[in-house]
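What follows is each chain in one-letter form.
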Amino acid sequence: MKPINNRAWLFVLPVIVLVAFNALVPLMTVVNYSVQETFGNNLFFWAGLRWFEELLRSQRFHAALGRQALFTVTILLIEVPLGVVIALAMPRKGVWVSVCLVLMSLPLLIPWNVVGSMWNIFTLPDIGLLGYLMNHTLQIPYNMTRDPVAAWVTVVAMDVWHWTSLVALLAYAGLISIPDAYYQAAKIDGATPWAVFRFIQLPKMKRVLKIAILLRFMDSFNIYTEPFVLTGGGPGNSTTLLSIDLVKLALGQFDLGPAAAMSLIYFLITLLVSWLFYTLMTRND
Amino acid sequence: MARITLENLRHSYLPDPSGPQDFALKEMNLSWEDGGAYALLGPSGCGKTTLLNIISGLVTPSQGRVLFDGQDVTGLPPDSRNIAQVFQFPVVYDTMTVRRNLAFPLQNRGLDPARIAARVGEIAEMLELTDIMDQRVAGLAPDTKQKISMGRGLVREDVNVVMFDEPLTVIDPHLKWTLRSKLKELHQQVGVTMIYVTHDQTEALTFADQVVVMQEGEIVQLGSPVELFERPAHTFVGHFIGSPGMNIIPCAWRDGSAFINDAAVPLAGHTPALDPQARLEIGIRPEFVAVAESGIPAVVRKVLDQGRRTVVESMVGQTRVNAILEGTPPPETGAHIHLRFDPARTFLYADGWLATKGEGAA
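Residue numbers (numbering that gives the first Met the number 0), protein chains in the order written: chain Z, 0 to 284; chain D, 0 to 361.
In case anyone wonders, no lab produced these hints; they're calculated from the structure.
A virtual CB, placed ideally from N, CA and C, is assigned to each residue, including glycine.
Please note that the accuracy of each hint is not assured.
To be clear about the criterion: a stretch of chain D counts as covered by chain Z if any three or more of its residues have a C-beta under 8 Å from a C-beta of chain Z, and this derived list gives those stretches [said to hold, decoys possible]: (1) 73 to 84; (2) 95 to 105.
Estimated spans, in silico, between C-beta atoms of each pair [what the hints assert, rightly or not]: (3) D:Gly109 - Z:Pro147: 48 to 56 Å; (4) Z:Leu81 - D:Arg64: 50 to 58 Å; (5) Z:Arg206 - D:Gly109: 26 to 34 Å.
According to the in silico footprint, chain D covers these stretches of chain Z (three or more CB under 8 Å from chain D) [said to hold, decoys possible]: (6) 185 to 192; (7) 195 to 202.
Modelling step: build the complete structure from the supplied sequences, incorporating the hints.
Pasting the structure below:
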């Protein structure tokens with residue numbers, strides 16, 4: 000029999016305390032709010048599951064969730080293939096490798112609110128570089144603060160600019176780990192460039208691409224700062240993604256109960272979809 | 000299938016090589032007969048992989064020509080040379096089944112599906128892969144993967160040459176032997192020219208009819224395993240092949256005979272006029288050194304009992320000399336003994352190259 004040594008608990012304790020303070024306690028506070036109604040002054044009334052029921056029936060929530068899903072799917076469909084194409088086009092050796100890597104990392108290093116501000120200025124109709132180019136040089140009417148389509152295109156373009164590098168760098172890491180012998184064997188076997196991509200490069204990139212998709216899903220589903228700074232969720236509600244809606248509900252209307260219920264559902268959806276993604280993608284490994 | 004000729008071949012990886020030290024391959028001329036089993040043997044970094052890549056077309060030589068059946072292929076890319084190559088570690092297409100892996104080179108050349116199926120079946124039979132044809136390659140053991148990668152090389156009937164670049168490096172020792180004999184068997188069945196690159200003398204000597212020994216980008220000897228053993232053309236070959244390798248002992252030359260520490264050593268064959276500046280050495284394999292009543296004085300340093308035989312390591316002056324004894328009782332460590340060299344197997348080397356001419360034992 001193995002001797003039972005309770006001293007082990009002592010070593011685990013600091014981690015438990017740490018996790019409790021940074022995750023469990025705040026989460027429990029949210030759970031606490033989600034089942035009560037409060038009017039301030041620390042007055043609470045029991046509400047049961049009312050906020051959850053109301054939220055799941057609310058059209059406003061459905062709309063925000065729909066916009067969020069559309070946004071995430073759109074950027075994944077653009078960033079993943081684009082990242083792979085960029086990785087394939089990057090040089091494998093020489094000085095240009097470092098140049099490319101630094102250039103690609105730059106967008107990733109910029110603080111998120113700065114990205115929002117940059118794009119805000121970039122797209123200003125009369126003085127922004129893009130705004131001026133569109134409206135005055137190309138004569139295409141473009142005003143992201145008035146036109147929902149323009150706002151959407153801009154938010155998506157900003158995310159693509161900000162995050163495609165991440166996918167590209169991960170895909171590149173997968174690509175350079177392929178030994179030369181594979182390419183030589185393919186040459187000798189008479190494989191077409193498409194076959195090289197399909198049977199050598201893509202299988203070797205699969206693992207890192209899974210991580211890239213998972214990361215981009217989680218980050219884009221929880222995105223807040225950049226679209227908030229860029230459009231503030233407008234015009235109207237057209238770019239109000241889930242997190243922006245949540246902040247409006249919690250800090251704008253100060254409906255803490257419903258906002259807490261929404262936080263929990265939001266968190267569960269993110270968790271569930273990430274888990275689904277991961278399970279489906281690693282099923283064959 | 001084809002005869003392979005290398006004409007004045009030379010290669011450097013540098014853009015403008017200035018001296019011999021810049022060349023990965025020094026000038027060489029070589030001809031390989033159709034259907035032969037050849038080995039390229041040499042230590043790591045001796046240029047054997049470079050030579051292989053030049054033949055396969057993955058590297059274009061700085062100088063010289065590569066001919067297949069007299070036709071110049073120096074400028075042709077690998078896929079138009081009709082060659083196959085098996086790499087150091089198994090290169091397989093992970094997401095395909097075993098069957099598709101074997102069929103892949105044929106499919107890319109647009110062969111008729113019925114013929115592909117027949118040929119793939121044939122090769123799978125030879126390599127004993129028939130039972131796992133519809134499995135995905137990803138989870139298979141390294142030696143099975145290496146067999147598949149050999150199969151991809153052999154599947155094309157019209158292939159000019161199949162080249163093996165240290166194909167057993169990642170294989171478990173007990174499977175090495177199986178795969179090596181499989182390879183020999185395949186060569187007899189298929190009859191295609193095969194070139195086998197390795198730094199392992201056992202692999203080279205068991206596989207090949209003719210072995211090319213390379214050192215520092217230079218071919219030092221081309222010969223059958225027996226020739227390499229019995230009459231090494233260079234002290235490097237003597238030392239590299241054999242276990243332990245040939246004894247190389249510095250000697251002096253006076254009045255037409257060789258002396259080690261003032262003891263005259265009779266030599267095989269005859270020795271033509273020597274360059275007085277040359278560095279002279281005597282080469283004798285440990286198999287032909289005996290412990291005797293008289294001869295060259297030596298001090299025993301170490302005695303290694305290898306079961307059937309005993310290796311006696313002794314010092315002749317400052318040089319270590321090994322003797323292999325079978326059946327006779329070995330001397331004690333520290334004992335003063337005399338060594339006798341079999342004259343028919345004793346060769347003189349000048350600046351590393353064999354100087355002895357005419358009849359030795361070869």
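Hints, one by one, checked against the model:
Look at the segment 73 to 84 of chain D against chain Z: 6 of its residues bring a Cβ nearer than 8 Å to a Cβ of that chain, three or more, so the hint holds. Evaluation of the coverage hint for the segment 95 to 105 of chain D: fulfilled, as 3 residues show C-beta separations to chain Z shorter than 8 Å, against a requirement of three. The hinted range of 48 to 56 Å is satisfied by D:Gly109 and Z:Pro147, whose Cβ atoms lie roughly 53 Å apart. Judged by the Cβ atoms, the range 50 to 58 Å given for Z:Leu81 and D:Arg64 is violated: they are separated by roughly 46 Å.
As the Cβ distance of Z:Arg206 to D:Gly109 is approximately 33 Å, the hint placing it in 26 to 34 Å holds. For the segment 185 to 192 of chain Z, the proposed coverage by chain D is satisfied: 6 residues have a C-beta within less than 8 Å of a C-beta in that chain, meeting the threshold of three. As drawn, the segment 195 to 202 of chain Z meets chain D at 3 residues by the rule of a beta-carbon pair under 8 Å; at three or more, the given contact holds.
In this structure, only the earlier hint numbered 4 is contradicted, and the remaining ones agree with it.
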